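Protein sequences appear in the order of chains A and B.
Read left to right, the first sequence gives residues 0 to 81 (numbering that gives the first Met the number 0).
Read left to right, the second sequence gives residues 0 to 81 (numbering that gives the first Met the number 0).
Read the hints as simulated data drawn from the structure, not as lab findings.
Don't take every hint at face value.
Identical chains share a label here; the pair holds if one copy fits it or two copies do between them.
[To be verified] Straight-line alpha carbon distances no greater than 16 Å define the calculated EDC-like cross-link-like pairs of lysine to aspartate or glutamate that follow:
#, residue 1, residue 2
1, K57, D5
2, K2, E44
3, K57, E37
4, K57, E44
5, K57, E73
6, K2, E58
7, K57, D9
This one's a predicted model, so the numbers in the text were calculated from it and none came from an experiment.
There are 2 protein chains.
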Amino acid sequence: MAKFMDVHHDMVGITAEQMQEAHQADLAIERDEGVHFERAWADPESGTVYCLSEGPSKEAVLRVHERAGHPTDEIHPVPLSV
Amino acid sequence: MAKFMDVHHDMVGITAEQMQEAHQADLAIERDEGVHFERAWADPESGTVYCLSEGPSKEAVLRVHERAGHPTDEIHPVPLSV
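Only chain A is shown next, with the shape it has when bound in the complex:
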């Protein structure tokens, strides 16, 4: 298992409720891929959302986002943290 940070750039105007719904949509199916979405942070003005997850691969994380209806292809493994 590894940690990942992925980034979405197309969520201009996202509300707290929409963000919660998107996160719940990930949580509802993440087990299928052995992934867990831990946290997410959003900038509604620029439409940028950062998601911190744990999972077996980049591809597994991105498949969960895609199936949940908010695909992205920008993701980095983040093995180091403080």
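Here the structure of chain A is known, so what remains is to put chain B in place on it, guided by the hints.
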């Protein structure tokens, strides 16, 4: 006070020890700007580092990074989180 996520792209090969040192350099001076660096996540392979902070403005956060020796200009306020 607001939350911010900033991103560095020039830290290829960063080690856990170097990341800890960089974070400590921020913590040592952050009070001057009323900023607090909470967490950071790094991908040594691409050189990408994400930093989560709290502070009065983008500029205050970036001034701390610059004075600590690792400037960046990529930063977003992240008022929403899950």
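Verification of the supplied hints:
Taking the shortest alpha-carbon separations for K57 and D5, only the intra-copy value of 9 Å comes in at or below 16 Å, while the best inter-copy value is 22 Å. When the C-alpha separation of K2 and E44 is checked against a cutoff of 16 Å, the pair qualifies only between copies, where the shortest distance is 14 Å, while the shortest distance within a copy is 27 Å. For the homomeric pair K57 and E37, the shortest alpha-carbon distance inside one copy (15 Å) is at most 16 Å, but the shortest distance between copies (25 Å) is not. For the identical chains of this complex, K57 and E44 are inter-copy neighbours only, at 14 Å across copies versus 27 Å inside a copy, given an alpha-carbon limit of 16 Å.
Taking CA atoms no more than 16 Å apart as the test, K57 paired with E73 passes inside one copy only; the shortest distance there is 10 Å, against 23 Å between copies. In this assembly of identical chains, the alpha carbons of K2 and E58 lie at most 16 Å apart only when taken from the same copy (13 Å versus 29 Å across copies). When the C-alpha separation of K57 and D9 is checked against a cutoff of 16 Å, the pair qualifies neither within a copy, at 20 Å, nor between copies, at 21 Å.
The earlier numbered hint that this structure contradicts is number 7, and it is the only one.
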